[in-house]
Amino acid sequence: MPLLRVSALHKYYGDNHVLKGVDLSIEEGEVVAIIGRSGSGKSTLLRTLNGLESISDGVIEVDGEYLDAARADLRALRQKVGMVFQQFNLFPHLTVGENVMLAPQVVKKAGKAEARYLAEQMLARVGLSDKVDAYPDRLSGGQQQRVAIARALAMSPKVLLCDEITSALDPELVNEVLSVVRQLAREGMTLIMVTHEMRFAREVGDKLVFMHQGKVHEVGHPREVFAAPQTAELANFIGAVAGG
Amino acid sequence: MDFTLWDIVRNLLTGLQWTLLLSLVAFVCGSAAGLLLLVARISEQPLLRGAARGYIELFQGTPLLMQLFMVFFGLALFGLDVSAWMAAAIALTLFSSAFLAEIWRGCVESIPRGQWEASGSLALTRFEQLRHVILPQALRIAVAPTVGFSVQVVKGTAVTSIIGFTELTKTGGMLANATFEPFLIYGLVAVGYFILCYPLSLSARYLERRLHAPA
Amino acid sequence: MAYQFDFAPVLAQGDLLFKGALFTLQLTLIGTVLGVAIGVVGAVTRAWRLRPFDALFGLYVELIRNTPFIVQLFFIFFGLPALGVRLTEWQAAVLAMVINLGAYSTEIIRAGIQAVPKGQLEAAAALAMSRFEAFRYVVLQPALAKVWPALSSQIVIVMLGSAVCSQIATEELSFAANFIQSRNFRAFETYLLTTLLYLLMAIVVRQLLAWIGQRLLMGRR
Numbered sequence: 017m018p019l020l021r022v023s024a025l026h027k028y029y030g031d032n033h034v035l036k037g038v039d040l041s042i043e044e045g046e047v048v049a050i051i052g053r054s055g056s057g058k059s060t061l062l063r064t065l066n067g068l069e070s071i072s073d074g075v076i077e078v079d080g081e082y083l084d085a086a087r088a089d090l091r092a093l094r095q096k097v098g099m100v101f102q103q104f105n106l107f108p109h110l111t112v113g114e115n116v117m118l119a120p121q122v123v124k125k126a127g128k129a130e131a132r133y134l135a136e137q138m139l140a141r142v143g144l145s146d147k148v149d150a151y152p153d154r155l156s157g158g159q160q161q162r163v164a165i166a167r168a169l170a171m172s173p174k175v176l177l178c179d180e181i182t183s184a185l186d187p188e189l190v191n192e193v194l195s196v197v198r199q200l201a202r203e204g205m206t207l208i209m210v211t212h213e214m215r216f217a218r219e220v221g222d223k224l225v226f227m228h229q230g231k232v233h234e235v236g237h238p239r240e241v242f243a244a245p246q247t248a249e250l251a252n253f254i255g256a257v258a259g260g
Numbered sequence: 002m003d004f005t006l007w008d009i010v011r012n013l014l015t016g017l018q019w020t021l022l023l024s025l026v027a028f029v030c031g032s033a034a035g036l037l038l039l040v041a042r043i044s045e046q047p048l049l050r051g052a053a054r055g056y057i058e059l060f061q062g063t064p065l066l067m068q069l070f071m072v073f074f075g076l077a078l079f080g081l082d083v084s085a086w087m088a089a090a091i092a093l094t095l096f097s098s099a100f101l102a103e104i105w106r107g108c109v110e111s112i113p114r115g116q117w118e119a120s121g122s123l124a125l126t127r128f129e130q131l132r133h134v135i136l137p138q139a140l141r142i143a144v145a146p147t148v149g150f151s152v153q154v155v156k157g158t159a160v161t162s163i164i165g166f167t168e169l170t171k172t173g174g175m176l177a178n179a180t181f182e183p184f185l186i187y188g189l190v191a192v193g194y195f196i197l198c199y200p201l202s203l204s205a206r207y208l209e210r211r212l213h214a215p216a
Numbered sequence: 006m007a008y009q010f011d012f013a014p015v016l017a018q019g020d021l022l023f024k025g026a027l028f029t030l031q032l033t034l035i036g037t038v039l040g041v042a043i044g045v046v047g048a049v050t051r052a053w054r055l056r057p058f059d060a061l062f063g064l065y066v067e068l069i070r071n072t073p074f075i076v077q078l079f080f081i082f083f084g085l086p087a088l089g090v091r092l093t094e095w096q097a098a099v100l101a102m103v104i105n106l107g108a109y110s111t112e113i114i115r116a117g118i119q120a121v122p123k124g125q126l127e128a129a130a131a132l133a134m135s136r137f138e139a140f141r142y143v144v145l146q147p148a149l150a151k152v153w154p155a156l157s158s159q160i161v162i163v164m165l166g167s168a169v170c171s172q173i174a175t176e177e178l179s180f181a182a183n184f185i186q187s188r189n190f191r192a193f194e195t196y197l198l199t200t201l202l203y204l205l206m207a208i209v210v211r212q213l214l215a216w217i218g219q220r221l222l223m224g225r226r
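For the protein sequence lines, the chains are A, B and C, in the order given. Residues are numbered in the numbering used here as their position in the first sequence, beginning at 1, plus a constant of 16. Residues are numbered in the numbering used here as their position in the second sequence, beginning at 1, plus a constant of 1. Residues are numbered in the numbering used here as their position in the third sequence, beginning at 1, plus a constant of 5.
Simulated from the structure, these hints should not be mistaken for laboratory data. Cβ coordinates follow ideal geometry from the N, Cα and C atoms, glycine included. Treat each hint with caution, since some may be false.
Stated by the list, open to error - Restraint-style ranges between C-beta atoms, simulated for each label pair:
id : chain 1 : residue 1 : chain 2 : residue 2 : range
1  : C       : 141       : B       : 207       : 31 to 41 Å
2  : A       : 191       : C       : 141       : 36 to 46 Å
3  : B       : 181       : C       : 14        : 35 to 45 Å
Said to hold, decoys possible - Listed below are the simulated EDC-like cross-link pairs for lysine to aspartate or glutamate, each with C-alpha atoms no more than 20 Å apart in a straight line:
id : chain 1 : residue 1 : chain 2 : residue 2
4  : A       : 124       : C       : 127
5  : C       : 151       : A       : 153
6  : A       : 96        : A       : 69
7  : A       : 174       : C       : 127
8  : A       : 96        : C       : 127
9  : C       : 123       : A       : 69
10 : A       : 125       : C       : 138
11 : A       : 124       : C       : 138
12 : A       : 96        : C       : 138
13 : A       : 223       : A       : 77
14 : C       : 123       : A       : 180
15 : C       : 123       : A       : 153
16 : A       : 128       : C       : 138
Sequences are here, hints too, so could you generate the full structure?
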């Protein structure tokens, strides 16, 4: 029984058919990297998984939560599916600690002391225990992204979605974020990442999903897929990324 | 005495004309005075700048009603017998000039420093810089908020009813007393102002949107 | 220029001016709290396009912003009794101020809400917050902080505008001034001092609002 299953997923923006029947199955503890050109539908796919984008047809199942075009208990789903964004999206009016505490308090009705304890633990996990009382604008981009990861972890999600989480970072800050993700993978967190970091995907990933023109074009273990792509499109893509 | 609806509307229309005339006078004279005030406000003379600042602060920090009273009773001290119309026109001009100068200062200050530096390096005097480089650019930005402020001028004229100038609100008050139909009369008075102000508000919004639209 | 200024008769009535000023501040306080509350509700309704209420708020905003405050006041005080709604002078004054500020703050706060980046709402949604929770905890404070200067200016404008409430005999500051000058015939001196008192109040209220904004909205302690 997979933790997450996507079947026959379609998504339209008006007349634009963005996802054309996506099927995907992800086991607990798997680290999945989704790659593809811009416009291939990879970010849209990721955003449907926690209901940030509605779906036009098909089914998404996550740990017993069931989502289709007609009905969705988004509140229940989103407690199981955390998300980290490219632009961090920390809440600027709250301290780092309050950013992490907010959802447990509001959504899970945790007490203040409990939430505070949780926040301290999560911030320790991402190596930012000393920043609890700082405001986000005092932090570097890498630190902000690590706070965003801690904020998502505080809801104890079953799956963590990462949407190009290093793309907005200066090159020298990328590694501190990747090493946090690497640590999460080692601890057995189920991760689904849209990423441009091919080396990282190959090193940490258990599964590589290549999206092309709104479909899953090729799936496999990263090392095998990179060594011997089965389709010309993927070979092209890998060549372009490596060459560029 | 019986008033037909037409009697009421006709009287209100007469009042509306005075409202319109006072608005125009205040806006035109206020703009002229506001321009002088603007030049003083951004001058390099600290004394001039300070005086302009104080003037603006005074007129933005006190009620229009008090400004009216000050003009009305102040001019009387000089032995001048001022009519309500004169006092209204003078007070509203002063009031408008302060707000317009402040609006325009914001527009002038939004012009990048480099424009001052570039024109200064071409040996233009400060006045020439303003006249040929800064104001033409600031004007473009200033149109929308200036039209927006004209709505405040029209609405401001209503306060002059208190010193007895027979514009729309005062006419309405007299009619309400004579007909005992304040609900209808003040409703119509409000409609009168709305007819004057709403097109101005719409144009201000349209101009604002056009300015911010990608070129 | 033989006129001799004489402020003594005005200063002798200083307690009346002081009481009037306090009353004006009271009206402003109530008007601000209720007006901004209406503004928040109206702003959300408009920003989220909650039909049909967004259109109603739109109409309300346009009606109020395009008519003079004094006409609104007269309509409420003299006109509404025709519908059986009879208000005391101070109730009418407060109602007019609340309605007036409510309309302006609806537009001001709406601009603030729309300036909050979309990513903030997505982050809140991804954390399983409802739309209302996201508004309450993520959107409201930054939105208010962003437009606080504009809102503060509008509050001062409404306070100064309340001077015309003397025309329905609300016993605020300009009413006190009218009363005093009718007794001592020192109109210029009376209105000069009253004007300066308003100026002082405007400056103090502006400072106070800036301080409140810093404390409550900017989050920095």
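Status of each hint after checking the structure:
1. Look at residue 141/C against residue 207/B: about 35 Å separates their beta carbons, and that is inside 31 to 41 Å.
2. Between residue 191/A and residue 141/C the CB atoms are about 37 Å apart, so this pair conforms to the stated range of 36 to 46 Å.
3. The supplied range of 35 to 45 Å is met by residue 181/B and residue 14/C, whose beta-carbon atoms lie about 39 Å from each other.
4. Only pairs whose Cα atoms come within 20 Å are accepted, and residue 124/A paired with residue 127/C is accepted, the gap being roughly 18 Å.
5. The suggested pairing of residue 151/C with residue 153/A holds, with an alpha-carbon distance near 16 Å, which does not exceed 20 Å.
6. A threshold of 20 Å between alpha carbons decides the hint, and for residue 96/A with residue 69/A the separation of about 16 Å falls inside it, so the pair holds.
7. Simply put, residue 174/A and residue 127/C have alpha-carbon atoms about 19 Å apart, close enough for the 20 Å limit, and the pair holds.
8. Taken as a hint, the residue 96/A and residue 127/C pair is honoured in the structure, with Cα atoms around 16 Å apart against an allowance of 20 Å.
9. Between the alpha carbons of residue 123/C and residue 69/A the distance comes to roughly 13 Å, so the proposed pair stays at or under 20 Å and holds.
10. Proximity of residue 125/A to residue 138/C is assessed by CA-CA distance (about 12 Å); at most 20 Å being required, the pair is judged to hold.
11. Pair hint residue 124/A plus residue 138/C holds up; C-alpha atoms about 12 Å apart against a cutoff of 20 Å.
12. Our distance criterion of 20 Å between C-alpha atoms is met by residue 96/A and residue 138/C, whose separation comes to about 18 Å.
13. Proximity of residue 223/A to residue 77/A is assessed by CA-CA distance (about 19 Å); at most 20 Å being required, the pair is judged to hold.
14. Between residue 123/C and residue 180/A the alpha-carbon distance is near 17 Å, which keeps this suggested pair within the 20 Å criterion.
15. For the hint linking residue 123/C to residue 153/A, the alpha-carbon distance of about 18 Å falls within 20 Å, and the restraint holds.
16. Simply put, residue 128/A and residue 138/C have alpha-carbon atoms about 17 Å apart, close enough for the 20 Å limit, and the pair holds.
Hint compliance for this structure: every hint is met.
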